[in-house]
Amino acid sequence: MSLRPQRIVFDDVWGCLRQTVEKVLKLNSVRRDDWNSSFTDVYSICVAFPDPLADRLYSETKLFLENHVKSQLDEFNCYMNDMNDSESGENQLLHKYYSAWKNYSQGLEYLNYLYLYLNQQHIKKQKVSEAEILYGNGTTPLTISQEQMEIGELGLDIWRLLMIQNLGDILVKQILQGIERDRVDNCLTSKDIATIHGVIHSFVMVQDYKKKGNLQLYESLFEGKMLEASGNYFTSQASKLLQNCSVSQYMQEVIRILEEENVRAHKFFHISSIQKLKKECEDRMITDHKNFLYSECKEMVSNDKRDDLRNLYVLLKPIVDGLKELIQILLEQIKNEGAESIMNLKGENIHIQFVENMLQVHQKYENLIVETFKNDPLFLSALDKACASVINSKLSDGKTTCRSAELVAKYCDNLLKKSKSTECEIETKLSKSITIFKYIEDKDVYQKFYSRMLAKRLIHDQSVNMELEEVMINKLKQACGYEFTNKLHRMYTDIGISMDLNNKFNQHLKNVNDELSINLAIKVLQAGAWPLGPQTNITFAVPQEFEQPIRKFEAFYNTSFSGRKLSWLHHLCAGELKVSLAKKSYLITMQTYQMAMLLLFENCDTMICKEVREVLQLNNDNFQKHLQSLVDQKLLLIDTEKIEDSSVLSLNLEFTNKRTKFKITASMQKESPQQEIEQTITQVDEDRKLYLQAAIVRIMKARKVLKHNALIQEILSQSKVCFAPSIPMIKKCIESLIDKQYIERTANSSDEYSYVA
Amino acid sequence: MKVTVKSWTGVALWKWIANDDNCGICRMAFEACCPDCSFAGDDCPLVWGHCSHVFHMHCICKWLNSQLNQQLCPMCRQTWRFNDR
Ligand SMILES: [Zn+2]
Ligand SMILES: [Zn+2]
Ligand SMILES: [Zn+2]
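Line order of the protein sequences matches chains A and B. Each residue of the first sequence is one higher than the last, beginning at 1 in our numbering. Each residue of the second sequence is one higher than the last, beginning at 758 in our numbering.
Restricting the straight-line Cα-Cα distance to at most 25 Å, the calculated cross-link-like pairs of lysine to any residue (SDA-like) are:
1) A:Lys420 - A:Thr589
2) A:Lys475 - A:Tyr691
3) A:Lys610 - B:Lys759
4) A:Lys720 - A:Arg698
5) B:Lys763 - A:Trp568
6) B:Lys763 - A:Asp514
7) B:Lys763 - A:Val615
To be clear, the hints were calculated from the coordinates, so they are not data collected in a lab.
If we strip away everything but chain A, and leave its shape as in the complex, we get (with noise of 0.2 Å):
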């Protein structure tokens, strides 16, 4: 053969063409040599001379598309004229229609190889570009049915516009049927499966070479009725499970059906109806039924009902706002639960229950979540907020304020003071109180309350463990930052320094051969950082038996930090003396104070109250508790019932005890826990006083000029890791600003103000 164009007789070349053609779309055998030679033949054409011959080739094959695929069309009207009374041969024209399909889209495949050289030569060449199909074309408006196409996308519209329009509605209507029946009695013959699945595709594949739209037909035809059809499946599966299922039965039908019409979803559909499909079966089962899936919402929460509480929620989580409802409920219930828990609490240790009752809502609402819920953070937002909202609310009783503050700092203190628990344990029930810390809004109230026992614990020895004290100041750290512990971790150094020193007291001793005549363990303190109250001046008279030792001290600690001065606290010093009478002597821990007055018995056995008091120089108050102490204890006698500057003090000596070494702790506690407490309370509202008007200064001094709202907002921002503080303090701190002349109104509106430089 010749490459070169030829003059040829159109008819001979296409009259020998068209059989193969003809043998190609039928599926019949094709000789290589006639194959060959009728691909020579499509190029022929396509390059005769003088004139091409294409468009007359394109022409012709069209037809004889178009007569094919109407005769074959043909034969199903015929079928189905025959057939017209049965019901039963219906499945048979999907049967015969996907065969026909089946072949006629095979021989379609080879026909477009056939042409090849027609499709790329030819009609390549007038192809608008992808570009011009999706955004139009301004300058030729050139409509895709006026153009050629590739043979093989002709021969799939040709069966569209011939077969599908004619034949697509009782198609469609015949695969709904098949899956109307797949649903009730599943029983489908794999051939049947694989013949609707087949025609159901044949919708998309006659438009697929489309770059736009290639799911249009596929939709218009079928889908819309599909979804139209299984939506009254499942207003009617729904209806007849409610008429005698229980809530519980019914989630469990409903998402058996879920995964059932998903399965089908997948046998049958294209991809794209697959969250259609699902979509309307939530609406017609789920959304539909709301109320009645809600109806025992209630209980399912209050009983832990959880494989229910699971479904309602596999249920109701694609729905939209479908959690909101089972979310309000369930933080409903842990506010309940919750403020149960902790409500009437009595005894000793309500600090305990307190922490631990919250702990066990806590956890078991947050086990409920992580099993039931898939660790959803929207219901984990809901406990957080039931938490913060039961912790911070007021105690039972309606008067005092919120009390949660204290009794966590307290449940810490107990923990790391006298825990008979093992290191491991008590670090884990440290880590818990936080989970309980993190919901209280006080937190300034807290660290209050936190220092002042941790100052106890340091300056009295009762600390279980100094780890455990660093461990546990480095998770508040963690939870609130630096500036919240700057002052505990401050407390924390200083006795190690203070350890520090003695140790270098003690070695300097032993370097210049001097020798104390008492065991010495100093502790400094940095001022500012221990929660010691106002220093009033306590008078005291050093015995002069710490006198010397106390003197050393402070020489030696001069050399080591210069232009520093100590001031002893010693309502805080205590002490062990050793008292050695008739029977027995004993080892007596008690105060300064105490000491001091027993010492004076050292060389005398009997004094007077007013004279021991001016030796002392204690003021009345101090000098009457720890005398008082010490007459309690029988280890001075006293000659009246009360004390008087004229009553006569004796050492006890026939005084006896059990035990030979013990402690007088009487008068440790200066207050009155109740006092206490106000007394901290008060002092967080001066703070929280003094860090507002710090705050508002710095926020003014960089803003220079802002409105009223502004300002409250960007405070409430700022003290929001500390405490959240009212709107009327916030208020007060402005106007006594305004009063100090920090700030001032601007003139042109009563509610700006400006930064006084």
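Chain A is already provided as a structure; the job is to place chain B with the ligands on it using the hints.
Relative to chain A, chain B with the ligands alone:
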């Protein structure tokens, strides 16, 4: 010996000894820290000059850095020298 002291745990606070109550540069009390710090004490120490004036260390350093040629005490205008005592 009827009554003898075996051991004693003393508790003391330390404070700065300064001739003045306030830092002459920032006007803040020595009990408190300089404006750049948030915590007093070891975190914001005091320093003494040979002229016997005391400042927050942070304040005097800032002051000296801002002086172009002469390093003078801002209070008495004598040449500033740190007194290490
Ligand atoms: Zn300063
Ligand atoms: Zn500083
Ligand atoms: Zn000076």
